[in-house]
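A.B. asks: Chains R and X, in that order, are what the protein sequence lines are. Add 17 to the 1-based position in the first sequence for the working numbering, that's all there is to it. Add 28 to the 1-based position in the second sequence for the working numbering, that's all there is to it.
Hints in this document: simulated from the structure, not taken from any laboratory. Among the hints, erroneous ones may be present.
[Unchecked claim] Mimicking DSBU-like on lysine-lysine, the simulated pairs with C-alpha atoms at most 30 Å apart in a straight line are: (1) X:Lys31 / R:Lys85; (2) R:Lys89 / X:Lys106; (3) R:Lys88 / X:Lys106; (4) R:Lys85 / X:Lys106; (5) X:Lys90 / R:Lys85; (6) R:Lys116 / R:Lys128; (7) R:Lys89 / X:Lys87; (8) X:Lys85 / R:Lys124; (9) R:Lys85 / R:Lys124; (10) R:Lys74 / X:Lys31; (11) X:Lys87 / R:Lys85; (12) X:Lys85 / X:Lys31; (13) X:Lys90 / R:Lys116; (14) X:Lys87 / R:Lys116.
[To be verified] Chain X is faced by these chain R residues, among others (derived, beta-carbon under 10 Å): (15) Gln19; (16) Leu68; (17) Arg86; (18) Ala111.
[Stated by the list, open to error] Now the in silico label distances, taken between C-beta atoms and shown as ranges: (19) R:Gln19 / X:Glu113: 17 to 27 Å; (20) R:Gly33 / X:Val82: 44 to 54 Å; (21) R:Val70 / X:Ala111: 24 to 34 Å; (22) R:Glu59 / X:Ala111: 20 to 30 Å; (23) R:Tyr112 / X:Leu33: 27 to 37 Å.
Predicted, not measured: the structure shown is a model, and the values here were computed from it. Heads up, the beta-carbon is just placed ideally off N, CA and C, and yes, glycines get one too.
Chain residues, written in single-letter form:
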Amino acid sequence: QQQVRQSPQSLTVWEGETAILNCSYENSAFDYFPWYQQFPGEGPALLISILSVSDKKEDGRFTIFFNKREKKLSLHIADSQPGDSATYFCAASAYNQGKLIFGQGTKLSIKP
Amino acid sequence: GPKVLQIPSHQIIDMGQMVTLNCDPVSNHLYFYWYKQILGQQMEFLVNFYNGKVMEKSKLFKDQFSVERPDGSYFTLKIQPTALEDSAVYFCASSLGGGAETLYFGSGTRLTVL
Numbered sequence: 018q019q020q021v022r023q024s025p026q027s028l029t030v031w032e033g034e035t036a037i038l039n040c041s042y043e044n045s046a047f048d049y050f051p052w053y054q055q056f057p058g059e060g061p062a063l064l065i066s067i068l069s070v071s072d073k074k075e076d077g078r079f080t081i082f083f084n085k086r087e088k089k090l091s092l093h094i095a096d097s098q099p100g101d102s103a104t105y106f107c108a109a110s111a112y113n114q115g116k117l118i119f120g121q122g123t124k125l126s127i128k129p
Numbered sequence: 029g030p031k032v033l034q035i036p037s038h039q040i041i042d043m044g045q046m047v048t049l050n051c052d053p054v055s056n057h058l059y060f061y062w063y064k065q066i067l068g069q070q071m072e073f074l075v076n077f078y079n080g081k082v083m084e085k086s087k088l089f090k091d092q093f094s095v096e097r098p099d100g101s102y103f104t105l106k107i108q109p110t111a112l113e114d115s116a117v118y119f120c121a122s123s124l125g126g127g128a129e130t131l132y133f134g135s136g137t138r139l140t141v142l
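With these hints in hand, go ahead and build the complete structure from the sequences.
C.D. replies: Structural data, given as structure tokens:
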């Protein structure tokens, strides 16, 4: 049972464009949604996160849009740069549990 | 930022042998985790650990797996005996709290079971 799903599996955009990565979840108890960025040979690192009480979170070029009713969220990366090329994981947890459930990841490639 | 160190970065062993993966978590963190990743794909939760005890473990955390953190030293994952399907990258993580807290991951240990 896949509790957190991501799409697309891979995405290629041109430098300067906005990349949109999608995520959906099944468990209504999930209320914390971090996005992690992973480069080859490294561990994932927190990029940005949102709590379910919010519908939008911005941090520089990165924005999360959250729709609680539809159990969907998306990560928008504006003005994409070649250095943004990485795998992005959507994750979820219930507030009182530290365990994160990860999606399958989206491999993002930015063409210069 | 805070660093989680994992030792070794690579480990090759024969099937049936025992292996211990070591993790040096962030110094003031209280919660510890192991995740398994195959071929750069999904991060699969194995186990989390707090106050000297396993809090929760997944179906992937087989009976051959064990974790401990003796006397506040390394947080370890031991597999005894190993199987071919244990080949993967194992990531250790730690966090300050157990709720909506940032998990800090190490760079992983690539385990190859022959």
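A.B. asks: Would you mind marking each hint as holding or not holding in the structure?
C.D. replies: Structure-based check of all given hints:
Distance restraint check for Lys31 of chain X and Lys85 of chain R: the Cα-Cα separation of roughly 33 Å exceeds the 30 Å cut-off, and the hinted pair is therefore not satisfied. Between Lys89 of chain R and Lys106 of chain X the alpha-carbon distance is near 37 Å, which puts this suggested pair outside the 30 Å criterion. Our distance criterion of 30 Å between C-alpha atoms is broken by Lys88 of chain R and Lys106 of chain X, whose separation comes to about 37 Å. Between Lys85 of chain R and Lys106 of chain X, the direct Cα distance comes to roughly 39 Å. Violation of the 30 Å bound is thereby established for this hinted pair.
This hinted pair does not check out: Lys90 of chain X and Lys85 of chain R have alpha carbons roughly 35 Å apart, beyond 30 Å. Pair hint Lys116 of chain R plus Lys128 of chain R does not hold up; C-alpha atoms about 35 Å apart against a cutoff of 30 Å. Of the pairs offered as hints, the one joining Lys89 of chain R and Lys87 of chain X holds, with about 26 Å between alpha carbons and a cut-off of 30 Å not exceeded. In summary, the hint linking Lys85 of chain X to Lys124 of chain R is supported, as the alpha carbons are separated by about 28 Å, within the 30 Å threshold.
About 25 Å separates the Cα atoms of Lys85 of chain R and Lys124 of chain R, which keeps this hinted pair within 30 Å; it holds. A threshold of 30 Å between alpha carbons decides the hint, and for Lys74 of chain R with Lys31 of chain X the separation of about 26 Å falls inside it, so the pair holds. For the suggested pair Lys87 of chain X and Lys85 of chain R, the alpha carbons sit about 29 Å apart, so the restraint of at most 30 Å is met. In summary, the hint linking Lys85 of chain X to Lys31 of chain X is supported, as the alpha carbons are separated by about 24 Å, within the 30 Å threshold.
Note on Lys90 of chain X and Lys116 of chain R: the hinted pairing holds, with a Cα-Cα distance of about 18 Å set against a maximum of 30 Å. With a CA separation close to 14 Å, the supplied pair Lys87 of chain X and Lys116 of chain R stays within the 30 Å bound. The restraint placing Gln19 of chain R at the interface with chain X holds, with a minimum CB-CB distance near 9 Å, inside the 10 Å limit. Among the interface hints, the one on Leu68 of chain R holds; its C-beta lies about 6 Å from the nearest C-beta in chain X, closer than the 10 Å criterion.
Hint on Arg86 of chain R is violated. Least Cβ distance to chain X is approximately 21 Å, over the 10 Å limit. A cut of 10 Å between beta carbons decides the hint on Ala111 of chain R: the least distance to chain X is about 9 Å, and the hint holds. The supplied range of 17 to 27 Å is met by Gln19 of chain R and Glu113 of chain X, whose beta-carbon atoms lie about 20 Å from each other. In this structure, Gly33 of chain R and Val82 of chain X meet the distance hint of 44 to 54 Å, their C-beta atoms being roughly 48 Å apart.
As the Cβ distance of Val70 of chain R to Ala111 of chain X is approximately 44 Å, the hint placing it in 24 to 34 Å is violated. The supplied range of 20 to 30 Å is met by Glu59 of chain R and Ala111 of chain X, whose beta-carbon atoms lie about 27 Å from each other. Range check, Tyr112 of chain R to Leu33 of chain X: Cβ separation about 29 Å, and the 27 to 37 Å hint holds.
In this structure, the hints that do not hold are numbers 1, 2, 3, 4, 5, 6, 17 and 21, in rising order.
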